[in-house]
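Trainee: Taken in sequence, the protein lines are chains A and B. Going by this note's numbering, the first residue of the first sequence is number 12, and it counts up by one from there. Going by this note's numbering, the first residue of the second sequence is number 373, and it counts up by one from there.
The hints are simulated quantities; they were obtained by calculation from the structure and are not laboratory data. Bear in mind that the values here come from a model prediction, so they are computed numbers and not experimental data.
Pairs of lysine-lysine, DSBU-like flavour, derived with a Cα cap of 30 Å:
no., chain 1, residue 1, chain 2, residue 2
1, A, Lys286, A, Lys328
2, A, Lys283, A, Lys307
3, B, Lys439, A, Lys232
4, B, Lys761, A, Lys271
5, B, Lys535, A, Lys76
6, B, Lys551, B, Lys761
7, B, Lys659, A, Lys76
8, A, Lys194, B, Lys439
9, A, Lys255, A, Lys283
Now the in silico label distances, taken between C-beta atoms and shown as ranges:
no., chain 1, residue 1, chain 2, residue 2, range
10, A, Lys271, B, Ala512, 24 to 32 Å
11, A, Thr93, B, Arg409, 47 to 55 Å
12, B, Ala408, A, Asp302, 53 to 61 Å
13, A, Thr89, B, Arg757, 46 to 54 Å
14, A, Asp118, B, Gly731, 22 to 30 Å
15, B, Arg409, A, Asp302, 55 to 63 Å
16, A, Asp302, B, Arg757, 34 to 42 Å
Glycine residues also receive a C-beta, built at the ideal position from the N, C-alpha and C atoms.
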Amino acid sequence: MSSSWHRDDAAPPPPPAVKQAREQFQRIEEQAPLHTQILRLSLFAALALAVAPAHAFIAYVSNEKSNTVSVIDTDSWTVTKTIKVGQRPRGIEFTRDGKFVMVAVGDDDTIQLIDAKTQSVVDSLPSGPDPELFAQDAAGKILYVANENDNTVTVIDLEKRARLGDIQVGVEPEGMTISPDGKTLINTSETTNMAHFIDTSSRQIVANVLVDARPRFAEFKHDSSELWVSSEIGGTVSIIDPGKHEVIGKVTFEIPGLRKEAIQPVGIGMTKDDKTAFIALGPANRIAVVDVATRKVTKYLLVGQRVWHMAFTPDEKYLLTTNGVSNDVSVIDVAAQKVIKTIQVGELPWGITIAP
Amino acid sequence: MIRWLAGLIGFGLAATSALAAEPVAIGVGYLGVAAARSTLSLVEQPAENDGVAGARLAIEDNNTTGKFTGQRFTLEERRIKEGEDAVQAATALAEKNGFIIADLPADALLKVSDALRERGTLLFNVGAIDERLRETDCRANVIHTAPTRAMLADALGQYLVWKKWSRWLLVVGSHDEDKLFADALRRTATRFGAKIVQERTFEDKGGARRTDSGVTLIQRQMPVFTQQAPAYDVLVVADESEVFGAYLPYRTWDPRPVAGSAGLVPRSWDASQDQWGAIQMQNRFIKLNSRRMTALDMQAWTAVRMIGEATSRTNSGDVKKVADFVKGPDFSVAAFKGTRLTLRDWNLQLRQPILLVDGRMVVSVSPQEGFLHQVSELDTLGYDRPESKCKLK
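The following block holds chain B by itself, in its conformation from the complex:
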C-alpha cells in the first residue's frame, strides 16, 4: 500500500512533466469471429461491430486520460473467418499488441491463451460465458470481463426468489449451450431455494428464423407446448441458441411471466441502463458508433478501460507491470454499475452486478438485497472461492 502510494505521489510529478515527452504507445488487439449469430428478434440482431465498438470508445476514453499521462492507445482489429486459425491470427496481433481483447468460443480462446503464454501477452475474454474457462480450464494469462452462465443464472434466480416466484417451469433448448445454461439454472434453484416443478425440452428441428407468416404458426405452437404443466409461478427458459425462447412471452398456456433467455433476461449491460452516471457513457457510445450499446460492447469497453486504469496507476505501458497490477489487491475499475468492480483473484473473473432487463427497461439489478456474503455481495453470483476448481497457471 505504501509503495503504491509512493508510486502515486511520484506519478503526480511525472504526469506533469510527461506532457512534453513522446507518449508511451500501448497497443491493444481485438480478435473476434467474422460470423454474426442470428437472433429471433430482428431488433436484437447484433451489429457487425458488436463488441469492438465498445473497445473503440474505451480507447478514446483512455486517450483523453493519456493526454495527461503521456500514454497513447491504439486498437488493431482482426476478424477470423470460418476455417481460419485463431492461433495464427492471435500470434500476428501479438506482434504489436501486448494486450488482446478476445471475443472467441471457449476452445479457440484456450488454444490462443496457451500459444501466447510464453510471449506474455495478456488476454481479456469479453465474449465467452463458459464456466470451464474460469474453473478446470482457467488460465493465468486470461482475464474475464464477460460474466459466467452461473453468474447470470444466480442474478436472475435471486430476483425470482425475492419476488417469491419460486416454482419454475424449466424449458430447455436442444443445443449444448442451452443445456449448459439449464445446468446453471438448476444450480441456482438449489442454492436459493426455488423449485423446478417440471422440465421440458424444445427440440430444434431446423427451419428459418424469419418467415412471412411465422406469427400465425407460433401462436398455435407455443400454447400447446406449454399446456398441462404443474402449478408454476414463472417459466424459465434456456435457449442461448435463439431457436424458440423469444416466442414464449405472452404465448404460454397459463398466464405466467417468462424469464431466462427471453422475457426477463440477465445481462452485464443494456442500452436502457441509465443509473450511476451511465447516461454519459450511453451518450458517448451513441455519438461514436451511431447505435446503442450492447452487453458485448460493455464487456469490451470494461476490458480496455481496465488496461487504461492500470497503465495510468502504474504509469507504465509494460504488459507485465500492468498484468500484475490488474491481478493485485489494489485494483478496481468503475464501470457505471454503482459499485467498484474487482477481480476474483482465484480465477481472474471480474466481479460485477448483473442487470435484469426486459428489452426496454432495467427491471432490477442483482445481487438482491438480503443475499449476504462475508467478502463481497458480488460473490453471491456464480461460483465462489471455496467451490472453485481453478488452479491458475
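If we strip away everything but chain A, and leave its shape as in the complex, we get:
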C-alpha cells in the first residue's frame, strides 16, 4: 500500500484495530438469534441462486488523494483498471447514454470526461472554479455543477460542451440533484445551511429551505413526494416537502457507544420502490438502513472508515460505498442488508458511479 503518509512508526497503526473491531462486530452480528440467522442464510441462499448467472457491471470510483479513478468489475469484485485523472477528483457520474464518465477534478477547475470504452480521459468540460458535485437533466443534455469556491452553480451544455451561465447560490454549494420531473434543481450550500430550489427553465431560485448544519447531499424519492437532505455537522437528514418547501420531518441517528459528533450523514441512496434508504454516516463507519415510511433507522451496517458516497448496481442487488480513510469500497447485499465484500481502491475514495 502506498498510503504511508499518515502512518507513524511509534504509534499503534489504526487500520488493524479498526479491522478487528469490524470483525468483532460481524461476529456479534453472527451471534444473532438462530431463527434470524436461518432466515438470513436462506435469504442469502435464495439470492445467491437468483444471482447465479451474474450480470457484471462496471463501477468507477474517484480517489481524491491519488488523483485516480479505480474501475471495479462487479462480477469478480476486483479493480480491473486505475485511470489517471486531474487533481482532486471528487464528484463522479455516468452520462445518461452511458458513454462517458464525468469526474470533477476540483484543483484543476474542470470536469474530465472518461470514455467508458477505452477507459481513458478524452475531454474536459468548462466548469467554474473548484467543481465538486453535479447533476444532469433527464435527457442528459444539461449539466449543473456546484462550484465550491465562488458560491455559484454553473450550467453547461453537455453536447456542445459549452458553458451556458451561472446561478448565484449560498456559501459553498455542494449537494446537487434534479427532481424526477426535471423542473427543479436542488443545490445545498454548506455554510449557508440551505437547500436552494432552482427552477430549471428560468434558472431562478424559487425557494430556500433552512436545514441543519453543513448540508452535503440531496436525494429525491422516485415518486417526487419528498426531498431528503443530509446535514453532515448537524448529524441529521431533513425531509422536505418539495411542493410546500417545508421541512416535514427528520431522520436522526443513535449508535450505542458512539459519540454524537462522529455521526456525520453524507451520501443517501434510495431504492426504486422508495421503501428503503441507505445513509452513509461518515466517521461513524456505518451505513444506516432507514425505513422510508416511518423515517426510522432499522439497522446499521458496519463498513469501512469515513464512508461518504454510494451507488446501486442497476439491478439494485448491490450497493457500493466509498470509505475514504480505509481506502476501500464496501459491497452491501441490498436484500440481505449485509456487507459481503471489501475492495481496496486508491487513496481517499470519494465518489462512485456505476454504468447504467
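Once you have looked at the hints, place chain B on chain A.
Mentor: Coordinates of chain B only, in the frame set by chain A:
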C-alpha cells in the same frame, strides 16, 4: 424541539417571502487594541488587520445567506490606542451594534462587559485565553470563541502522552502570562500522567528581538541554557511573551523535540489546515484579505458566523433572541474542524478541537483517540463542568 421545528417550518415560508422586503439590519462591532505584539519570527508577525479580517469574511458569508433570509450584516471596527478608555469605545460601538467582537486583554474585557450589561449587548471574546474569564470572572454576556490556556495545554499534552513522550523538561518565561501557561501545562501533566522532570526559568533581561548578528549569539546561548537536564523526552516551553521560545528548536543540548510556545504549537486554527472542507475557507480568506488566515482570524470568523447562524435559525436580528438561541441546547456551528462546535452552557466557552501545528503543517488534532468523556470528547480539553467555578450572571 417541537417549537424550534415549527419555527423552522414557518421560516421556510418566511424566507421565501422575505426576499422582496427591506432586509433586517444586523450591526456587528469589532473592538481591538491598536498596538500589534512583537514576535520572534518575522513570518509570524501579525498583520494590522489580524482578527478583524476573519470577521470581515464572516460578514460576507453571512450576507450571502442573508440574501435569502432578508438579513443584512454590517461591521464597524474600532481600535483603541494606548491610554484610551475601552469602556468609552465599547459604549460608542454599542450605540449601533447589538453584537461586539472583542479582542481585548482580560481586564479591559471585564470592564466592557460590566458596562454593557444593562444595555443587553452580546460580547464575543475572540482574543483573551485567560482561564479566569471562564471561571471566577465569567460573565453571562460574554461568549468565548478563543480557546483557554488549559484547552491548549491539554490538547498538546494528550498528543505528547499518546506519543509516549511523557518526561517533560518545562522551560518557563519570566512574564505573568508565561507563568499562567506553565500552570496550565503542569495541570495537564498531572491529568494525563506526564512527568515534569525539571523546571527552568528563562529571565527576560530586555533586549531587541531583531539584531543583525543575532543567530550567532543564540546558537551559543540555547545549548548552554538546556544542558545538564535530567533524562527527558520533550522540552515543553511556556513563552507567550515571545522572548526566547522560538530559539529553542534545533538548539537544545540534547537532541529533543520542542513543544508548547514553539516547535509543536497548539492553536485553534492554522493557515495550513486543509481538512474537512477548510480549503474552501482558506481560499475565500486569501481572496478577500491577500494573506493567510491566523488563529485570531478564525476565532473572529467563528464569532460572527455564530451570530449569522443564530439570526438565520431564529429568523431574527433581535439581540436577546439571538443570545438565547446561541446559549440554548439546539445551537451548534460548523467551523471546518470536522465536528459541530457547541457552547459549554456553564461558562459560555466554545467547545472545539485544537490543532497541533509546526508552522508548516497540521501535525495532529486533539482530542486524541482514547481520551474519553461521557458528554463530549471535546470536554477532555480544559476545565470541565464539575471543576468549574463559574457562576454566570
